[in-house]
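Novice: Residue numbers (this note's numbering), protein chains in the order written: chain A, 1 to 561; chain B, 1 to 561.
Because the hints were derived from the structure by calculation, they are not lab data.
One or more of the hints may lead you astray.
Heads up, the list lumps identical chains together, so a pair's fine if it works in one copy or across two of them.
[To be verified] With a cut-off of at most 30 Å between alpha-carbon atoms, the simulated DSS-like pairs for lysine-lysine come out as follows:
| # | residue 1 | residue 2 |
| --- | --- | --- |
| 1 | Lys305 | Lys317 |
| 2 | Lys180 | Lys199 |
| 3 | Lys472 | Lys225 |
| 4 | Lys345 | Lys54 |
| 5 | Lys180 | Lys129 |
| 6 | Lys259 | Lys388 |
| 7 | Lys265 | Lys348 |
| 8 | Lys30 | Lys180 |
| 9 | Lys305 | Lys129 |
| 10 | Lys273 | Lys345 |
| 11 | Lys30 | Lys100 |
| 12 | Lys273 | Lys129 |
| 13 | Lys388 | Lys54 |
| 14 | Lys305 | Lys345 |
| 15 | Lys108 | Lys31 |
| 16 | Lys388 | Lys108 |
| 17 | Lys30 | Lys108 |
| 18 | Lys345 | Lys225 |
Owing to the predicted nature of the structure, the values given are computational and were not obtained by experimental measurement.
Protein chains: 2
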Amino acid sequence: MEFTAVSHEPKYRDSYALDAQTLEIRVKTKKGDVQHADLIFGDPYLWEDEQWVKHSKAMHYSGSSEWYDFWTVRIHPLYQRVRYGFTFRSGQQTWTFTEKGWYNEPPKDTDEYFCFPFMNAVEVFRAPKWVEETVWYQIFPERFHNGDSSLSPEGTPPWGSKPPTPSNFFGGDLKGVEEKLDHLIELGVNGIYFTPIFKALSNHKYDTIDYFEVDPHFGDTDSLKSLIDACHKRGIRVMFDAVFNHSGFYFPPFQDVLKHGSESKYKDWFHIKDFPVKTSPAANYDTFAFTPQMPKLNTEHPEVKEYLLDVATYWIKEFDIDGWRLDVANEVDHTFWREFRMRTKAIKPDLFILGEIWHDSMPWLQGDQFDSVMNYPFTEAALDFVAKGRISSHTFAQRIAHILHQYPSPVHRVAFNLLGSHDTPRVLTEAGHNVSKVKMLYLLLFAFPGTPCIYYGDEIGLTGEHDPGCRKCMVWEKDQQNRDLFAFLQQLITLRKQHSSFSPQADLSIEHADADTNLLVLKKTNNNKEIYLVMNPSFHSQSMNLSFFESTHKETLIEEG
Amino acid sequence: MEFTAVSHEPKYRDSYALDAQTLEIRVKTKKGDVQHADLIFGDPYLWEDEQWVKHSKAMHYSGSSEWYDFWTVRIHPLYQRVRYGFTFRSGQQTWTFTEKGWYNEPPKDTDEYFCFPFMNAVEVFRAPKWVEETVWYQIFPERFHNGDSSLSPEGTPPWGSKPPTPSNFFGGDLKGVEEKLDHLIELGVNGIYFTPIFKALSNHKYDTIDYFEVDPHFGDTDSLKSLIDACHKRGIRVMFDAVFNHSGFYFPPFQDVLKHGSESKYKDWFHIKDFPVKTSPAANYDTFAFTPQMPKLNTEHPEVKEYLLDVATYWIKEFDIDGWRLDVANEVDHTFWREFRMRTKAIKPDLFILGEIWHDSMPWLQGDQFDSVMNYPFTEAALDFVAKGRISSHTFAQRIAHILHQYPSPVHRVAFNLLGSHDTPRVLTEAGHNVSKVKMLYLLLFAFPGTPCIYYGDEIGLTGEHDPGCRKCMVWEKDQQNRDLFAFLQQLITLRKQHSSFSPQADLSIEHADADTNLLVLKKTNNNKEIYLVMNPSFHSQSMNLSFFESTHKETLIEEG
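With the rest of the complex left out, here is chain A (with noise of 0.2 Å):
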C-alpha cells in the first residue's frame, strides 16, 4: 500500500470528542489501497503483566474524494484518555500506522502511539443546539421592503424601478422586513442573518461609520426593538453582521487620524504606514482589499478590542440578538476571536458565531473561536455539478465527502451551508435561468448536513449578477414571484421539520454516483428511518434500478421534472 498517503492530525481535523464520553477517529489512505482498517486502542496507564492492554475496533468505511478514502470509528474510552493507531489491511497484508511511523504489527511501547490525552469536557466541540434546527434566511435591507419612506435617502426612486448599482438607495428599512415578516412565516423559515444595519455610507453598510447607531435610512434603536421583538414573538432569532476587520472612512476615529495626523489618539487604532494619511495614489494605510474607504482596525490594540467587544456585547445586552456572523473573519487576530467568543459567550452562552470564510478554515475551528463558517466549498460544489454541469454526480459526491472529512464532524451539524449570498451571483442565475435546477440545487442543501440559508428573493425567483446585480429589490408582486419555486421551498422547509429523516440529526450517506449517467442517490438515515433522494441533473428521462433500496413502507414526498 502506498504509505506516504496516510495522514491523520491528532486534537485538530482527525480526533476530537463528540461527548465527554465518545471519541471520533478519522484517517485517509490512499482510493483503493485499503480493504480493512481497525483501530488499535488502549489507556496509556493500563498494563497487565508487563503488556500494554489494547483493543482493536473496525473502522468504518465513510466516503472517497478524488484521491483518498476516509475511515471513521468512534470509541468509548472508560478512563478518557487514549493512545491509539491503526492497522490496515491491503491485499494479502497488514501494516500498523501509528505517530511513529509503520510497523508489521502492532508495537508495544505505547511512546508510539497517537495520543488523546484526556477528554476534558471544555473542549468539546459546542455550537448552541438551537442552531441546528434553524433555517436561515439572509436579508439585504436596502433591498428587503420600504417600509417608512421618510426614512429613505434624497431622491430615492420607486421600488425597484431602476438596476441596482454600486451606489444607489431604494429605501429598504427595518420597519418594512417587520411587516414582511409574514412572508417569512410563510416560507417556514426561523433565523435571519441581517447584513449590516449600522451607520454607514454606503448601500450595504460595510462600511461603518457608526457602530452603536443604526443607521438612519434603515430605523432607529425602537424599530430595530421592535423588528426583533416581533421576531423573537414568532420564534424567528436574529443575526448581526459584525464588520470588525476594518471600519468605514468615515468612522470618527479614522476621520481624527486623517485630521490630526501622528497627533491623533487614534493613531494606533489602524495599521498607518506614514504621515499625512493620503488616500491616493495608493492608500498608505492598511485596508480590506485595497478599498480606501475600508481602513483595517488594529485588532491588536487594547483600546480598538475594547471598543468592538463593547460593540459586540452591547447589542446582545440591549437588543437580544441571537448570533453574530462576522466579516472578512480570516483577517482578523485569532487573539482577538478567542476574547470576543468569550466575552459574548458569557453573556449569552447559547449565542451563534458565524464566521465568514470562504477557504479551509480550520485554524477557526478547533471550539476556541467560531462555531460555524460560511459553507462555500459546498456553494461551489453543488453550482459545478447541478447549475453549471461542469462535473459528473460522480465527482460531487467526491467532493462533498472531501467537504465532510475536511472539519470535525460536530462542526458540520451548524455548518451554514448556502446557494448564494451578496457576494455571490444569484442561484437562478448561475443555473441558467432553469428552476428545475435550482429545486435540485435546494434539494442538495437542505439534504446537506448542517443548516440552510436562502438568500432574500431567490424563494420567488429573483435573478441577478454579482455584486451589484444580485442586490436587486425585493419583488413582493405575487403575479411577478415564482409561486412554484416558493412552494417547493416550503415543502422541503416542512419536510426538514417533519420527518426525522430529513432532519438536521439524519445522517447522509452517497449511495448512487455514476460518472456516466450523472445520476445522483443520497440517502438519509435517522432511526432507522431513511429517506432516499433520486436527482437526475441532465433533465432527460433516465431509468435506473432502485432495488437497493428496500423499504417496508414506501411513500414518495417529492417528486419533480
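Start from chain A and add chain B according to the hints.
Specialist: Relative to the frame of chain A, chain B by itself:
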C-alpha cells in the same frame, strides 16, 4: 508523481509568520518524487487586466524523513496577506497543488489557492529571547545537596549511603542548592529547572499538599528567596514545576472531599464518580495514571482555575521566577492553558512556559499556550543512534528531519532538548557506561536547534536505571566525579557562547549520513561562518573524504576518541 503523498497544513504546521513581514511555508512530497518545487503566490486582492497578479519563488529542499522530502520557502508579502500554491517538477512533468487539488497548470482564480489571510503581528510565535541563550540544568532537590540537615526527615541516612528507592529521603534542600551554585557556574549553565519544591508527601513532590508553601524538608520562603536571589545575581534563571493536572492525596480540598463526601464544598474540584470516595479496590475518582495518591484536578471548575492561576502568578510576583514547566500538560484542557498564558505573561511578559508532552505537541504550540515542550522525540532518536546503536546515521538524519519539520521553525529555537530526566534512565546508563558515547550525545544535544538541558549529575557521570535509579544522590567528591566528562561539557557550553557558528542562532544541516559507515557530519552555519561536526559512533577508526568542506580558515575545536 504520487499526488496522495503531498500535504500542507496551513496556519498550523506548515505555514506561519516568522515576524510581521516574513512568512515561512513548507510542503512535503514523496521521497525522490520531485526535482524542483516553486511557490506560486500573490496578494488575494491584486488583479491587473482581470488577471490575478501572481509570483513564483523556488522552494529549497530542506531535508528528508523516511518517506518524505520537505520543501521550504520564505516570502515577504507586501500587504501581509497571501494566496498560494505549489508547482512541482517531477521528471518531465509539472503539476500544481492548491487547496482545491491538482492541476496541469496554476489555476487562475484565487479561490483555488491556500490562504494565509493576514499576518497579524500578535500571532507571530514568540518565546522569550533569553531562552535561546540558556543552557538548562535540571535539579531534583531531594538529591542534589543537603545544606541544612536540621530540615531532613527523621531517620535520613547519610548522603548517598543507600540506593534510591521510591520512598526514601536523603535530605537535599534549597540551602544545599545555593551552596553548590559554584558548581553550576563552573559548568557554565545559566538556567535551573527545579522539579517540584512545594509541600508534598513524597521525595519527588509531584503529590502536592500545599501549592503556596515550600516543602519544609527543602526550606522555607526565606531560603527560597535567598536561593533565587543568588541565582539571579549570578545570571541563572529559575524555572519551577507546575503540577496542575493532579494534586496530592493530602491536598486539603481532597481531604475535605474524603471526609465530607458529597457535602464537601470541594466536591467538584476533582472528577469524583460517586460517593463516598474510595481508593480501593480502585479509586472512584479520576487520577493521574491510576495512582490514587494523585487525584486529577478539575481544571474546568472556575474555583480550581482561579486557585491554580493564583498559584501560577503568586510565585512570579513574590519570587520572581522566570519559567513554569507544566507537568502532565497534555491532560489538562487547552482552555486552562490559554488562560494560564494570558495571566502569567500579563505580569511577566518574558516568562518561559514549557509543557511536559512526550508525543506530537502541535495542538499546544500554536502560540496561544506553550512556548516549548520537552523534546523527548529528539532524546529517543539520539539514544537510538548513539547510545543503543539501534539505528544508522542515515536513519537518525531522517528522524531529525522529521522532527524539524513537525513544528513551525520558531518553536525549535526554544525546544527543550534533553538526553534524560528524572523520568528516564540516565544517559550514561543508556550508553552502556561508554563515556565516549555520552560525549557524542552531548555534541548532538548542543548542535540541535533549541536549548540543551543537563540532568543533575549527568555532567560528572552519574548512572542509574529508570526511576528510582535515576534519582541517586549527587556525588560531590571530586575524585569520584568524571572530571573529563565535566570538562568536555564545559567546553561545549563555552563553544556555544563564543562561536557564532555554534550559537543558538546557527542553522543546522546534515552534510553526510551514511547507512554503511554510520558516519554523520553535521554543519552549523551562522553569518557565513561554518562549523562541521564529524561523528563516528562505531568508534572504530574509519577514514572519510572531507573534501566537501573547503575553508580558508580551518581550526579544530574539539577532537575526541
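Novice: Each of the hints needs a verdict: does it hold here or not?
Specialist: Here is what the structure says about each hint:
no.	hint	result
1	Lys305 x Lys317	both (18 Å within a copy, 27 Å between copies)
2	Lys180 x Lys199	within (22 Å within a copy, 69 Å between copies)
3	Lys472 x Lys225	within (26 Å within a copy, 72 Å between copies)
4	Lys345 x Lys54	neither (40 Å within a copy, 41 Å between copies)
5	Lys180 x Lys129	within (27 Å within a copy, 61 Å between copies)
6	Lys259 x Lys388	neither (50 Å within a copy, 71 Å between copies)
7	Lys265 x Lys348	between (33 Å within a copy, 27 Å between copies)
8	Lys30 x Lys180	neither (52 Å within a copy, 59 Å between copies)
9	Lys305 x Lys129	both (29 Å within a copy, 27 Å between copies)
10	Lys273 x Lys345	between (35 Å within a copy, 29 Å between copies)
11	Lys30 x Lys100	both (19 Å within a copy, 17 Å between copies)
12	Lys273 x Lys129	between (45 Å within a copy, 27 Å between copies)
13	Lys388 x Lys54	between (50 Å within a copy, 27 Å between copies)
14	Lys305 x Lys345	both (16 Å within a copy, 18 Å between copies)
15	Lys108 x Lys31	both (29 Å within a copy, 28 Å between copies)
16	Lys388 x Lys108	between (53 Å within a copy, 18 Å between copies)
17	Lys30 x Lys108	both (26 Å within a copy, 28 Å between copies)
18	Lys345 x Lys225	within (21 Å within a copy, 42 Å between copies)
In this structure, the hints that do not hold are numbers 4, 6, 8, in rising order.
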